[in-house]
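**Q** Sequence:
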Amino acid sequence: MTSTPPPTTLELSGPPALAPLLTRGALLSPLKRPRPGAAHPRARLALPGLTADPGRLAAYERVCGFPTGADVLPVTYPHVLGFPLAMRLMSARDFPLPLLGLVHTSIRITRHRATPSAGAYDLTVHVDGLVPHRRGTEAAVITALRSGGEPVWESRSTYLARHRVPAGRPGDPAVPAGAPREATPLPALAEWRLAGDLGRRYGAASGDRNPIHLYPFTARLFGFPRALAHGMWTVARCLAAHGAPDAAEIRADFRKPVLLPGTVTYGARDGRFELRGPGDRVHLTGEVRPA
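If you read the sequence shown in my numbering, its first letter stands for residue 143, the second for the next number, and so on.
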């Protein structure tokens with residue numbers, strides 16, 4: 143009986159540049175044949191002593207609606223810090239899912255305590271494995287921050303590669319286990335009008351310049367009528383309005399894309415939040431609980 147070897151740790155001297163990774167991932171995408179049993183990268187990327195750039199952090203806070211100049215990082219910002227490392231893994235030749243068309247389907251965040259914005263952190267990112275999904279194959283990416291050797295923040299993001307699946311193949315249900323049903327809207331607390339350049343502004347602040355978020359013509363190349371808002375912008379904007387305790391567990395499930403420009407309604411009650419569009423179209427559901 144063989145056992146899976148533990149991930150090997152590769153320490154980086156700085157965040158990798160995103161543009162070459164996006165280019166590499168795009169070029170390799172047509173060569174990928176996704177399937178749940180495929181091997182995935184076993185490397186754990188590490189970036190020690192990482193600090194947030196004040197200018198980029200302020201731009202992120204502005205575009206997502208967080209107070210600027212706060213002493214604590216927005217609860218979603220460590221995802222931005224880890225994104226270049228995640229992209230390095232997902233754009234690599236040994237990552238079995240095509241980067242083009244990969245859909246961010248959910249994120250689970252645990253913040254063990256407040257993360258000072260001026261603090262230095264040890265960041266790690268690794269791929270946790272592939273599982274079958276009712277619409278294809280899903281990969282999980284784990285991002286973690288440590289301070290003084292103690293874990294302070296971690297997340298689990300799932301990314302879906304859509305492809306034809308065998309009839310009757312088991313996979314995730316239409317509504318993830320534990321997620322609230324959204325037949326009845328939560329009380330509406332705000333209506334947000336989203337400008338057509340929101341994807342470009344968030345991309346500049348976060349580094350995520352996926353073409354589906356930038357311009358209508360680049361989004362149409364992937365089958366969308368207009369540019370889409372980033373999923374991580376939608377959850378960040380909701381959490382900026384909702385708030386979260388210093389020690390918190392957060393989940394968010396991305397349901398339907400938000401077209402730009404557009405109007406969305408933010409609703410919340412009893413720790414749950416959601417984002418809806420015209421006709422009660424559900425874009426995002428989520429929940430915040432004390433850890």
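Bear in mind the hints are in silico, worked out from the structure with no lab data behind them. Certain hints may be false.
Claimed, not checked - Label pairs and their in silico Cβ distance ranges:
{"id": "1", "residue 1": "184", "residue 2": "326", "range": "41 to 49 Å"}
{"id": "2", "residue 1": "306", "residue 2": "421", "range": "39 to 47 Å"}
{"id": "3", "residue 1": "364", "residue 2": "158", "range": "18 to 26 Å"}
{"id": "4", "residue 1": "262", "residue 2": "419", "range": "34 to 42 Å"}
C-beta: ideal position from N, C-alpha, C; glycine also.
**Q** The structure should be examined with respect to each hint, and the outcome stated for every one.
**A** A quick look at each hint next to the structure:
Roughly 44 Å separates the CB atoms of residue 184 and residue 326, a value that falls within the hinted 41 to 49 Å. Between residue 306 and residue 421 the beta carbons are some 29 Å apart, a value that contradicts the proposed interval 39 to 47 Å. In this structure the supplied range 18 to 26 Å holds for residue 364 paired with residue 158, their Cβ-Cβ distance being about 24 Å. Checked against the given bound of 34 to 42 Å, the beta carbons of residue 262 and residue 419, roughly 40 Å apart, stay inside it.
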